[in-house]
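Following the hints, complete the assembly by docking chain B onto the known chain A.
In order, the protein sequences belong to chains A and B. Position one of the first sequence corresponds to residue 1 (this note's numbering), numbered consecutively onward. Position one of the second sequence corresponds to residue 1 (this note's numbering), numbered consecutively onward.
Be a bit skeptical, because a hint or two may be false.
Sample of chain B residues lacking proximity to chain A, with all beta carbon distances greater than 12 angstroms (derived) [claimed, not checked]:
(1) Asn100
(2) Val101
(3) Asp102
SDA-like mimics (lysine to any residue), calculated; alpha carbons at most 20 angstroms apart, straight line [what the hints assert, rightly or not]:
(4) A:Lys99 / B:His11
(5) A:Lys67 / B:Glu42
(6) B:Lys71 / A:Thr192
FYI, nobody ran anything at the bench for these hints, they're computed from the structure. Values in this document were obtained by computation on a predicted structure and should not be read as measured data. Just so you know, even glycine gets a beta-carbon here, dropped at the ideal spot from N, CA and C.
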Amino acid sequence: MSHAAEHAHDHPPHLAHHFSDVEQQKESAKLGMWLFLLTEILLFGGLFTAYVIYRSWYPDMFHNAHKVLSLPLGTTNTVLLITSSLTMALAIRSMQLGKRSMTIMNLAFTILLAFGFLVIKYFEYAHKFHVGQLPGKYYTYTGIEGTNPHVFFSVYFLMTGLHGFHVMCGIGIITWIMIRTMRGQFSPEYYTPIEMTGLYWHLVDLIWIFLFPLFYLIG
Amino acid sequence: MSQQSSGHAHHILPLRTYLAVFTFLIVMTGVTVFVALFDLGEMNIIVAMIVAAAKATAVAAIFMHLKYDNKLYMLAFVIGILCLAIFITLTLVDTEFRGNVDEAKARPIVPQVVLPDMGLSHGHEGEEGAEGEHAAGTADSTAATHEMSKDSASIPTTDSNHSPAAESGH
Numbered sequence: 001m002s003h004a005a006e007h008a009h010d011h012p013p014h015l016a017h018h019f020s021d022v023e024q025q026k027e028s029a030k031l032g033m034w035l036f037l038l039t040e041i042l043l044f045g046g047l048f049t050a051y052v053i054y055r056s057w058y059p060d061m062f063h064n065a066h067k068v069l070s071l072p073l074g075t076t077n078t079v080l081l082i083t084s085s086l087t088m089a090l091a092i093r094s095m096q097l098g099k100r101s102m103t104i105m106n107l108a109f110t111i112l113l114a115f116g117f118l119v120i121k122y123f124e125y126a127h128k129f130h131v132g133q134l135p136g137k138y139y140t141y142t143g144i145e146g147t148n149p150h151v152f153f154s155v156y157f158l159m160t161g162l163h164g165f166h167v168m169c170g171i172g173i174i175t176w177i178m179i180r181t182m183r184g185q186f187s188p189e190y191y192t193p194i195e196m197t198g199l200y201w202h203l204v205d206l207i208w209i210f211l212f213p214l215f216y217l218i219g
Numbered sequence: 001m002s003q004q005s006s007g008h009a010h011h012i013l014p015l016r017t018y019l020a021v022f023t024f025l026i027v028m029t030g031v032t033v034f035v036a037l038f039d040l041g042e043m044n045i046i047v048a049m050i051v052a053a054a055k056a057t058a059v060a061a062i063f064m065h066l067k068y069d070n071k072l073y074m075l076a077f078v079i080g081i082l083c084l085a086i087f088i089t090l091t092l093v094d095t096e097f098r099g100n101v102d103e104a105k106a107r108p109i110v111p112q113v114v115l116p117d118m119g120l121s122h123g124h125e126g127e128e129g130a131e132g133e134h135a136a137g138t139a140d141s142t143a144a145t146h147e148m149s150k151d152s153a154s155i156p157t158t159d160s161n162h163s164p165a166a167e168s169g170h
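Same shape as in the complex, but just chain A (with noise of 0.2 angstroms):
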């Protein structure tokens, strides 16, 4: 019993055994997590290229095409986004203070604005299917000036399609990690796991602080 509570007391049960202490396994966790982070900057980078580069082809039908996109709609997504993204880090502050309820509270409300942000982009995308603004050669709508109007939706879809992916995923894992809360895995000397988890939402937020700009403010 008292080598168990020893054992406590220089080992947590959170602490894994290749581990030499508790700082050295967050610090691999947050560099672990910012390295797959630049993995997805790198990822949505590859596909922010594509954009600028049919941009610079066609600014002139870029401009045109951009209008048939909602303003409205794309601003309350980004402010849905940005209120997540202060939710998810006051989830994390929750946790650091022990406030075991308030942490699950703030995690549900991301999840909930997160829902929001598909369910907005899920009207937006429902919309331009039944316009033929599809993508490629799928692409069959007529009242956008300027030349291969297709381009703009190839990039629309796949970068929003990629970045609603994200958020999907995003969801499951705070839904999951909520759950873990619930179970009351977390402490004030251990929440990786929701940090982390706030880390990737950030990150998803970043992207569509860049997507929103380049999509619906073409000015």
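Same frame as chain A, but now just chain B:
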């Protein structure tokens, strides 16, 4: 718990800080939307990107804790952004100046084929693959890239707002 170093583990930001960043983000969103309503020519995209960069910095530094953490993470993040910047810049150096050597290669995307019953007639050149963005398998897209230069002849490198008929050299 004696192993707990102070570091970031116990650095808890005040609620005020998070709310301030949130307010900043919302305000900057409003600013960028507002500015987009006016035609400032080239400045529109520049202002939009500056605002986006400011918002991104706030999220990365405060929400993602880069400002308070081990500088290694900030270094990793900055290096990633730098790689992306190099990627985009060098690619643009290529694509922006293609027309200088061979006029026909300036705009390799062939005008889109629209389904025949819509009344537009451009044959099937558009099927041959525009930089890989078409969903359907276009096995001959490599060959098509070489062919496309014939279709996109005489395209000036600046103004892109030509009627499709002129673009495809009809």
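Okay, which hints does this one fail, numbers in order?
none
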